[in-house]
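With chain F fixed as given, assemble chain A onto it according to the hints.
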Amino acid sequence: MKLLVPVKRVVDYNVKVRVRADGSGVETAGVKMSMNPFDEIAVEEAVRLKEKGVASEVVAVSLGVAACGETIRTALAMGADRGILVETDAELQPLAVAKLLRAIAEREKPGLIILGKQAIDDDMNATGQMLAALLGWPQGTFASKVEIAGETIAVTREIDGGLETVSLSLPAIVTTDLRLNEPRYASLPNIMKARKKPIETLTPAALGVDPAPRLALVTVVEPAKRQAGKKVGSVAELVAKLKTEAKVI
Amino acid sequence: MPDRPAPLTIEPAPSPFLTADHLAFRDTMRRFVAREIEPFASTWDEEGGFPRRLYERAADVGLLQLGFPAAYGGVEADPFYGIIAAQELARAGCGGVAASLLSHTIGLPPVALAGSEALKQRVLPAVLAGQRIAALAITEPGCGSDVAAIATTARRDGEDYIVNGSKTFITSGMRADFITVAVRTGGEGRGGISLLLLEAGMPGFSRTELRKMGWWASDTATLHFDAVRVPAANLIGRENDGFRLIMHNFNRERLGMAAGCIGSARLCLEETVNYARMRRTFGRPLIAHQVVRHKLADMAMRIEASQAYLEQLAWQVMQGENPVASICLLKNQATLTLEFCAREAVQSFGGAGYVRGAKVERIYREVRVNAIGGGAEEIMRDLAARQMGW
Numbered sequence: 000m001k002l003l004v005p006v007k008r009v010v011d012y013n014v015k016v017r018v019r020a021d022g023s024g025v026e027t028a029g030v031k032m033s034m035n036p037f038d039e040i041a042v043e044e045a046v047r048l049k050e051k052g053v054a055s056e057v058v059a060v061s062l063g064v065a066a067c068g069e070t071i072r073t074a075l076a077m078g079a080d081r082g083i084l085v086e087t088d089a090e091l092q093p094l095a096v097a098k099l100l101r102a103i104a105e106r107e108k109p110g111l112i113i114l115g116k117q118a119i120d121d122d123m124n125a126t127g128q129m130l131a132a133l134l135g136w137p138q139g140t141f142a143s144k145v146e147i148a149g150e151t152i153a154v155t156r157e158i159d160g161g162l163e164t165v166s167l168s169l170p171a172i173v174t175t176d177l178r179l180n181e182p183r184y185a186s187l188p189n190i191m192k193a194r195k196k197p198i199e200t201l202t203p204a205a206l207g208v209d210p211a212p213r214l215a216l217v218t219v220v221e222p223a224k225r226q227a228g229k230k231v232g233s234v235a236e237l238v239a240k241l242k243t244e245a246k247v248i
Numbered sequence: 000m001p002d003r004p005a006p007l008t009i010e011p012a013p014s015p016f017l018t019a020d021h022l023a024f025r026d027t028m029r030r031f032v033a034r035e036i037e038p039f040a041s042t043w044d045e046e047g048g049f050p051r052r053l054y055e056r057a058a059d060v061g062l063l064q065l066g067f068p069a070a071y072g073g074v075e076a077d078p079f080y081g082i083i084a085a086q087e088l089a090r091a092g093c094g095g096v097a098a099s100l101l102s103h104t105i106g107l108p109p110v111a112l113a114g115s116e117a118l119k120q121r122v123l124p125a126v127l128a129g130q131r132i133a134a135l136a137i138t139e140p141g142c143g144s145d146v147a148a149i150a151t152t153a154r155r156d157g158e159d160y161i162v163n164g165s166k167t168f169i170t171s172g173m174r175a176d177f178i179t180v181a182v183r184t185g186g187e188g189r190g191g192i193s194l195l196l197l198e199a200g201m202p203g204f205s206r207t208e209l210r211k212m213g214w215w216a217s218d219t220a221t222l223h224f225d226a227v228r229v230p231a232a233n234l235i236g237r238e239n240d241g242f243r244l245i246m247h248n249f250n251r252e253r254l255g256m257a258a259g260c261i262g263s264a265r266l267c268l269e270e271t272v273n274y275a276r277m278r279r280t281f282g283r284p285l286i287a288h289q290v291v292r293h294k295l296a297d298m299a300m301r302i303e304a305s306q307a308y309l310e311q312l313a314w315q316v317m318q319g320e321n322p323v324a325s326i327c328l329l330k331n332q333a334t335l336t337l338e339f340c341a342r343e344a345v346q347s348f349g350g351a352g353y354v355r356g357a358k359v360e361r362i363y364r365e366v367r368v369n370a371i372g373g374g375a376e377e378i379m380r381d382l383a384a385r386q387m388g389w
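Residue numbers (numbering that gives the first Met the number 0), protein chains in the order written: chain F, 0 to 248; chain A, 0 to 389.
Chain F on its own, in the form it takes in the complex:
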């Protein structure tokens, strides 16, 4: 079985993001970029499935600017076999991403697509679900455990009330939650080997997809600064302030 793992290039999780002065988004120029951490979990799970002999090939795919090729290299260094880069400078929103991934899925015919439940940049939590709808495949989102047996996959999901296990028939979509696994380090020997693995470059036009945005961004603003605390002299003063200033009681 072939596994498809979409990986997104995002601002590194250690970077404190800054909003651009004109409110058009966050500053990415000169900022360290890395693979979306939830996608790292997806790559790790796919590589483990291959190591267990459940999967035969892991294909990493990334969509966006040429530098997304480095994100694919990271996936290759973690153990993916080959990569596909859909190169475009266009701003990509979840629906366009899902359409591009559908086109790739139709070409590659994977038995399973594993991707992060959301990306840490826009936190949309939409691509996996949209892709499932477009392909007409079952979906198991927020996975904390996956088990494949024959033509079905059992996905344990983290939901409000606890854990829920759903059984899906393959092919299917799985989106990963934090506790699914702990991704491995890309070791130096594997970083060097990854350089020799193939990456195919495509364009949205070649896949017959118009990636134009359907949502208009109005503005991006910094969260309000935290105010300095106040010391109160008595319980009565505290209660009064909670009523009049904080307005919480």
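Hints were generated in silico from the structure; no laboratory data involved.
A virtual CB, placed ideally from N, CA and C, is assigned to each residue, including glycine.
It is possible that part of the hints are untrue.
A partial selection of chain A residues facing chain F, derived with a Cβ cut-off under 10 angstroms [what the hints assert, rightly or not]:
#	residue
1	GLU10
2	PRO11
3	ASP26
4	ARG29
5	ALA58
6	GLN64
7	TYR80
FRET-style restraints, in silico, Cβ to Cβ [said to hold, decoys possible]:
#	chain 1	residue 1	chain 2	residue 2	range
8	A	LEU7	F	MET123	24 to 32 angstroms
9	A	ARG278	F	SER166	53 to 61 angstroms
10	A	ALA69	F	LYS108	48 to 56 angstroms
11	A	LEU7	F	LYS108	46 to 54 angstroms
12	F	ASP11	A	ARG210	39 to 47 angstroms
13	A	ARG51	F	GLN226	22 to 30 angstroms
14	F	ARG194	A	TRP314	58 to 66 angstroms
Positioned in the frame of chain F, the structure of chain A alone reads:
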């Protein structure tokens, strides 16, 4: 409390020598150090050691294999990977961990370079996989930088050597399974020295732990050899050809030490910037005081100059050159930069830099070992001057 400023990471300037693979390895090392070392550094330093399994973890990311031949489990890589490894390890602010974790990078090159096929097969893969620990033993109670004067003897007896003498200040000395030992097999001077691989458990070989000013997390020992019988098959290279191998080894060691010192100096700067942005004195952040900003600028100036020198020499080594004099000068440049930055960092932290547990406090205690080990500053100056024909 108003929002605290988020801590900054002070990265080295973009380098023309680094490829995407170098940067990917830096990323791996950054995560490895942040997850496997940095959270435990203070505890390990106080406890005087780190768990042996860290060697295997380091092998998982390719750190131990760096620079050794692929045929024996190594990863052949240019010197910039070594610089990245040393400087990312420095981010834990615990030089003792790096010193013991990487003691094989001084213990094993002679084996890889000149050892017999059987010796390489037996020693290299096990150490590079993190299952065995290797160390180098040159210094003796009676001689250090004066390598040609060593007094530990190895007398041939049939198929064995009988080793008598002692070695001291040996990093990984307590835990090492394999130790590359400089011994006298011939006459006086540099022409009578050989390298012999001693192994843990050989009868007559004992060790005493040494307590130190810094590097508490590393095990350092005096080794005693009382008629230790060592198979002649453990001879590394030819008899009486050890001095050349020892000198060859020093270049790599000094480049690595310089990289680590500059990394530690950079961490001192980073820690000081972050502390000075948060700490308030006289009604404003410490960093708003001109006297502190000048300290930071002086630190940055020395660090970036040293880093540029380091990278230029690494490039020369990569071209196959052997710039001995420059590497000596670089090591001094790096240790003096570290000394300056550690001083100014602790000074800026004030009392918070004097209490145990602060990274800058640990680094301050590591200044001298860097300025003495691997060639003391005085020896480096003299060697450099002589190499330049003065």
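Verification of the supplied hints:
1. GLU10: Holds: closest Cβ of chain F sits about 8 angstroms from A:GLU10, inside 10 angstroms.
2. PRO11: violated (13 angstroms)
3. ASP26: holds (7 angstroms)
4. ARG29: holds (9 angstroms)
5. ALA58: holds (9 angstroms)
6. GLN64: holds (7 angstroms)
7. TYR80: The hint holds - A:TYR80 has a Cβ within 10 angstroms of chain F, the shortest such distance being about 7 angstroms.
8. A:LEU7 to F:MET123: 24 to 32 angstroms: At roughly 29 angstroms between Cβ atoms, F:MET123 and A:LEU7 fall inside 24 to 32 angstroms, so the hint holds.
9. A:ARG278 to F:SER166: 53 to 61 angstroms: At roughly 57 angstroms between Cβ atoms, F:SER166 and A:ARG278 fall inside 53 to 61 angstroms, so the hint holds.
10. A:ALA69 to F:LYS108: 48 to 56 angstroms: The hint (48 to 56 angstroms, Cβ to Cβ) is violated, given that A:ALA69 and F:LYS108 are roughly 37 angstroms apart.
11. A:LEU7 to F:LYS108: 46 to 54 angstroms: holds (47 angstroms)
12. F:ASP11 to A:ARG210: 39 to 47 angstroms: holds (41 angstroms)
13. A:ARG51 to F:GLN226: 22 to 30 angstroms: Violated: the Cβ-Cβ distance is about 50 angstroms, outside 22 to 30 angstroms.
14. F:ARG194 to A:TRP314: 58 to 66 angstroms: violated (21 angstroms)
The structure is inconsistent with the numbered hints 2, 10, 13, 14, although it conforms to all the rest.
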